[in-house]
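These protein sequence lines are chains A and S, in that order. Note that our numbering numbers the first sequence so that position 84 is 84, with each residue one more than the last. Note that our numbering numbers the second sequence so that position 11 is 11, with each residue one more than the last.
Incorrect hints may appear among the rest.
[To be verified] Simulated pairs of lysine-lysine, BS3-like, Cα-Cα distance not exceeding 25 Å:
| id | chain 1 | residue 1 | chain 2 | residue 2 |
| --- | --- | --- | --- | --- |
| 1 | A | K3 | A | K71 |
| 2 | A | K104 | A | K71 |
| 3 | A | K104 | S | K17 |
| 4 | A | K104 | A | K55 |
| 5 | A | K104 | S | K18 |
| 6 | S | K31 | S | K57 |
| 7 | S | K17 | A | K3 |
| 8 | A | K17 | A | K3 |
Hints listed in this document are in silico derivations from the structure and should not be mistaken for laboratory results. Because the structure is a prediction, the values reported are computed rather than measured.
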Amino acid sequence: SQKIEQNSEALNIQEGKTATLTCNYTNYSPAYLQWYRQDPGRGPVFLLLIRENEKEKRKERLKVTFDTTLKQSLFHITASQPADSATYLCALWAYGNNRLAFGKGNQVVVIP
Amino acid sequence: EADIYQTPRYLVIGTGKKITLECSQTMGHDKMYWYQQDPGMELHLIHYSYGVNSTEKGDLSSESTVSRIRTEHFPLTLESARPSHTSQYLCASSERRVAGGGETQYFGPGTRLLVL
């Protein structure tokens, strides 16, 4: 069956450090992988999109990598700030599915 | 901040009542979606639309129905609410690309529904 796996344990990290989140998937052939941020009680907000033929994408303090061989994406927040505390969702758009499939998300807590 | 709105934000209602959750977007997007999300769980697609008069069921079986009479409006209706419908409902929209797929989705703030 198709799965998108993100760590269910919250990531607690000291302010200023780099937070790294992992998204693993099975039985998907994703054309695009997206990362969203979700704050409690709110809808997700789009952060970054990376295509299957791209290895890395950056936006300000955010960096995403995409390894289709390992079937994995890594999401990095450099110089983390307390305002970065949120849940981060991985989402795949795969050929044949024609819809965005979401992981459960990984919570990040940045400690001042 | 995305221009997509949902009302009400919170709703507490008794079993058997009919409810309509409203969703509107002002971005002129062709595609609209309804997701259901329980705490700590992934978003499940329950309905989507590719344009006016187009509606499709998503991956998660749902007793709700939707309509798309205007581009900007995509309401979701539950004819008879049950406690199992208690959840957060998120509406989203995206542009339609010629090549299809991978479009950024813009989400509303969600409606938190509690059925007693």
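Checklist line | Non-conforming hints, listed in increasing numerical order | finding: 3, 5, 7 and 8
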